[in-house]
Amino acid sequence: MSLATVAKDFERLSKKARTLQTLRCQCIDDVLRELEEAKAALDSLDAEGEGTGESGGGEAQLMDVDDGQSLGVPMEICARSSGGILGDLQQGVARAAAAGNMASEEKELSTMLSKLSKAVDKVMPPDIGKAVHSIEFPPELLNQVILEHLLRCGRVEIARLFAEEAQLPLDESHVGPYVEILQVMAEIKEKKLESAIEFVRTHHDSLLQRGASLPLRVAKMRYLQLLEEGKAAEAIMHAKIHFPRYFGEHAAEKKEIL
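Each residue of the sequence shown is one higher than the one before, starting from 8 at the first, in our numbering.
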């Protein structure tokens, strides 16, 4: 059995459920109608009893509970009439329930649902855990990943403490580049571009080889900074010198700048 077959079974089940829901609503509407008709008939019976005069011959009378006055309706007639109404109501409710063959439809839906569940179990893996294999992860490698993360986040002192506790070698020459780039990013946030420009100039070739967008972004920020300072001619000269060398690798940035 394939997933396509399961999908078709699901569609049939959905259609059956919608049909059954329609039958349920129809059955409820029929029962409500029978109840409303029975209520109207009982109300009519009460109204007729109130309008009838006292019966003679010593027959038992239906008494008003509130004031003890006779309503003028023989109790046996009232009981026979109300009994007939309730009997009709019972028959009407039974007909409404039988009309939609609800019991049979419910049983068929339950059977279809059970079959679909079994079909899904056959198609899908019974236990996804069986597809997962445990991989031995060396603690040293995990600690190294944590150390690198701390350095990238600028938590240099915490990284040093962690390296000491985990007994990992931490070369300060390895820490230097992280400190430098974090300092550059901090100054960029303050719109101080001198360190960023120097960093790009120093590492220009390696940044281009990696396809980094930092050189173009720094050039763009410097261009906007010159415009804000009212140095339009210097800004245009800066754009002519720096932008063309980066546009080839960053077409989206080129479109935005132009």
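Derived from the structure by calculation, the hints contain no laboratory data. Please read all numbers here as calculations on a predicted model, not as lab measurements. Please note: incorrect hints may appear among the correct ones.
To be verified - Derived BS3-like pairs (lysine-lysine); straight-line CA-CA distance at most 27 Å:
| # | residue 1 | residue 2 |
| --- | --- | --- |
| 1 | Lys129 | Lys15 |
| 2 | Lys22 | Lys114 |
| 3 | Lys196 | Lys227 |
| 4 | Lys129 | Lys196 |
| 5 | Lys22 | Lys125 |
| 6 | Lys238 | Lys198 |
| 7 | Lys125 | Lys23 |
| 8 | Lys23 | Lys46 |
Going down the list of hints, with the structure as the test:
no. : hint               : result
1   : Lys129 with Lys15  : holds (15 Å)
2   : Lys22 with Lys114  : holds (15 Å)
3   : Lys196 with Lys227 : holds (14 Å)
4   : Lys129 with Lys196 : violated (58 Å)
5   : Lys22 with Lys125  : holds (19 Å)
6   : Lys238 with Lys198 : holds (16 Å)
7   : Lys125 with Lys23  : holds (18 Å)
8   : Lys23 with Lys46   : violated (35 Å)
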